[in-house]
Amino acid sequence: MKRRAHLAGLLALPMFWLIGIYIFSLVMLLVTAFWTTDPFTSKVKPGFTLRNFEQLVANPAYLSTAVRTLVIALAVTVLCMLISVPLGIFMAKIAKPWLRALLAVAITLPLWAGYLVKILAMRVTFTDAGFFNWALAPFGITGPSFSITTVVLTLTYLWLPYMAVPVYTAIRQLPANLFDASADLGAGAWRTIRTIVLPLIKPAIIAGSIFTFSLSLGDYIAAKFVGGSTQMIGSIIASNINLNPPIAAAFAVVPIAFVVIYLLSVQRTGALERM
Amino acid sequence: MKSRFFTGAAVVAVAALALTGCTASADESDSGGGALKIDVPDLPMHEKMGDFEDSLDIVAWSGFVEPAWSDDFTAETGCTVNRRVAGTSDEMVQLMRTGDYDLVSASGDASLRLIAGGDVAPLNLDLVPNFGDDIVEGMKGQIYDTINGKSYGVPIGRGANILQYNSEVVTEEPTSWSVAWESDSPYAGQIIGYDAPIYIADAAVYLMAHEPDLGIKNPYALDKEQLAAAIDLLKQQNKIVSEYWADPAAQITSFVGGNSVIGTSWEVLRKLSEDEKFKSVLPEEGSTGWSDAWMLSGESDSPNCAYAWMDYTSAPEVNGQIAMGFGMAPANAAFCDLNDEAKAHCDYFNATDEEYFKKVWFWTTPIEQCIDGRTDVQCTNFQEWTDAWLTVKG
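If you're matching them up, the sequences are chains A and B in order. Note that the UniProt record's numbering has the first sequence beginning at 1, numbered continuously upward. Note that the UniProt record's numbering has the second sequence beginning at 1, numbered continuously upward.
Since the hints were derived computationally from the structure, they do not count as laboratory data. A quick note: this is a predicted structure, and the numbers were derived from the prediction, not measured. Ideal placement from N, C-alpha and C gives every residue a C-beta, glycine not left out. The reader is advised that the hints may include incorrect statements.
Stated by the list, open to error - Chain B is faced by these chain A residues, among others (derived, beta-carbon under 8 Å): (1) Pro-60; (2) Thr-127; (3) Gly-130; (4) Ser-145; (5) Phe-225; (6) Gly-228; (7) Ile-236; (8) Ser-239; (9) Asn-242.
Claimed, not checked - Sample of chain A residues with no beta-carbon within 12 Å of chain B, all distances over it, derived: (10) Met-28; (11) Asp-184; (12) Thr-192; (13) Ile-256.
Said to hold, decoys possible - Cross-link-like lysine-lysine pairs, in silico, DSS-like; alpha carbons within 30 Å at most: (14) B:Lys-140 <-> B:Lys-150; (15) A:Lys-45 <-> B:Lys-150; (16) A:Lys-43 <-> B:Lys-224; (17) A:Lys-43 <-> B:Lys-150; (18) B:Lys-150 <-> B:Lys-358; (19) A:Lys-202 <-> A:Lys-93; (20) A:Lys-45 <-> B:Lys-224; (21) B:Lys-140 <-> A:Lys-43; (22) B:Lys-359 <-> B:Lys-150; (23) B:Lys-359 <-> B:Lys-271.
Kindly produce the complete structure, drawing on both the sequences and the hints.
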């Protein structure tokens, strides 16, 4: 009996947090998706209607924006992976300790700066007279200006630490003798990475990708400041949230669905158990 | 512009004037005030001033409530002023609905919603002695703050959404908005637009002059067909914009950074760019604009402080301070005669130039009832505008 009380005491706070705040607010959001809005005063009225979901299908902007956002989130995730794996291998296995420490600080340093500050910094970098164009002008290259490409680059910059840190940690834990054995058996560097490193760090990559994917899916400030006329799911939710909360809530189901599908497909690979 | 009050006769006059790119003059509506009847909740009016309460909670645009003048107010009345800065009209409406605030500095696109939603109470202007003859003509009795003959707002100031351009690239002063709307614009790819559903009205203003067959008489009274035409124009523009701005800082960096060379702006933003090469013009088609007014919450727990604030800020000096701080034309024309600096400010922002503001269509919430007086057709409401706006960027 006493043990149970102990257990209850231990779990009270996290359970309250999970159910009382996190789950409850999500449920309230989903319930709102079935409510209606007064067209004139934009006051929300409880009720039951599927009109908001019909609207998502009827207005082509919702579908194209959902697809665009998905593509952006996937592109950001892939870019983060492509940068993190070589970086992690270099840091963990090749770099000298002082360089390793320096790189570790350099990767995590951007996390200490404000989110808005970083986005505005990217905005200044990519303006026509900004750093990017200035630096590449000698090569005759002009930057992407404010576009979907810039959004992907900005989001990659923002979320890279969430991928780089777990990947680096995982590679660091790989025993050195695995690399030796691979080399002894005649495998080249590329083959070692493909057959030894990548399978072993897959859980870390997936853990990182959950962050980069879902954070990109929900972001809209980057699109607003460096996207030109790029519209993301978050942009539409933000422009509806005050005028028509029910349709914003209905559209919020879309990224939730994306993340659930992503998690399910990841789970099929068995990676979640080893995380 | 009083012309938002259309009486039967005025509609005809407006129709004729609109074709020539002008809009109605102010005096046509004096007889009216009854043309637009909307069912609004009946809220009681504050009868007479009582003792001051302790505090006053205000939702305002940045720069409207500053210690420079609110400290004196607190010293005079004992009302502590708590300010909450809002970024958009929609946010203001949402905040006022919480019932936690006493006053709001509402723009025309928020005020109708607040009035119809029963969120703001009618005002007893006798308790605001500074609201008098000096208030500029164009800001009295507007459709967005006076409904069914009752006044809901005390004007603060107004401004136009002007066409700003970089004179190093755009060497000849544009006279028309066409450079910002047409596909063959020489500045394609470097045009900046405003990022909100209310920007549809800007397209409507342009169509009003260039597509008279559509029969748009008021950019805030669009039937389904007219809305579709405006959206088509916006989609055409979407292909040639560099970006859209909602955040003033983004607009300034876009011009200074060279991404945009022409597009929608406010006088104050041009001034803040601090570069003489940025110039502005009010094109021949006219333009949209905004007009802000203090509105009193229906649930205010400090009505006496609120009335005192509305009166205090309507005095020429304080009203002028707000206008200079924000960069707009003050509502109280008496400010312009105070000194040379005030005069210069008023001239720069065309404060008393009703001819200038006649060409400006102030933001108004679009509603189903056509505010241009048409009764044979239903107009599109703001929700439809919001939905349509999403399709512009696709």
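For each hint, the structure was consulted:
Interface restraint check: A:Pro-60 against chain B, minimum CB-CB distance 7 Å, threshold 8 Å, status holds. Checking A:Thr-127 against chain B by beta carbon gives a least distance of about 3 Å; that is within 8 Å, so the hint holds. A least Cβ separation of about 6 Å between A:Gly-130 and chain B falls short of the 8 Å threshold, and the interface hint therefore holds. Of the supplied interface hints, the one on A:Ser-145 holds, with its beta-carbon coming within about 6 Å of a beta-carbon of chain B, less than 8 Å.
Among the interface hints, the one on A:Phe-225 holds; its C-beta lies about 6 Å from the nearest C-beta in chain B, closer than the 8 Å criterion. Here the hint on A:Gly-228 is kept, as its CB sits about 4 Å from the closest CB of chain B, short of 8 Å. Proximity of A:Ile-236 to chain B holds as hinted, the smallest CB-CB distance being about 6 Å (cut-off 8 Å). Evaluation of the A:Ser-239 hint against chain B yields a held restraint, the C-beta minimum of about 7 Å falling below 8 Å.
Taking 8 Å as the C-beta contact cut-off toward chain B, the hint placing A:Asn-242 at the interface holds, the least distance being around 3 Å. Its beta-carbon lying about 16 Å from the closest one in chain B, A:Met-28 satisfies the requirement of being farther than 12 Å from that chain. The claim that A:Asp-184 is not at the interface with chain B holds, since no C-beta of that chain comes within 12 Å of its own (minimum 56 Å). Every Cβ of chain B is farther than 12 Å from the Cβ of A:Thr-192; the closest lies at roughly 46 Å, confirming the non-interface assignment.
At roughly 20 Å from the closest C-beta of chain B, the C-beta of A:Ile-256 stays outside 12 Å, upholding its exclusion from the interface. Restraint check for B:Lys-140 and B:Lys-150: the C-alpha separation of about 12 Å stays at or below 30 Å, so the hint holds. Of the supplied pair hints, the one linking A:Lys-45 and B:Lys-150 holds, its CA atoms being roughly 27 Å apart against a limit of 30 Å. Distance restraint check for A:Lys-43 and B:Lys-224: the Cα-Cα separation of roughly 23 Å lies within the 30 Å cut-off, and the hinted pair is therefore satisfied.
The suggested pairing of A:Lys-43 with B:Lys-150 holds, with an alpha-carbon distance near 23 Å, which does not exceed 30 Å. Between B:Lys-150 and B:Lys-358 the CA atoms are separated by roughly 23 Å; this keeps the pair inside 30 Å, and the hint holds. About 18 Å separates the Cα atoms of A:Lys-202 and A:Lys-93, which keeps this hinted pair within 30 Å; it holds. Our distance criterion of 30 Å between C-alpha atoms is met by A:Lys-45 and B:Lys-224, whose separation comes to about 25 Å.
The hinted pair formed by B:Lys-140 and A:Lys-43 meets the criterion: a straight-line CA distance of about 28 Å does not exceed 30 Å. The hinted pair formed by B:Lys-359 and B:Lys-150 meets the criterion: a straight-line CA distance of about 26 Å does not exceed 30 Å. Of the supplied pair hints, the one linking B:Lys-359 and B:Lys-271 holds, its CA atoms being roughly 22 Å apart against a limit of 30 Å.
Every hint from the earlier list agrees with this structure, and none is contradicted.
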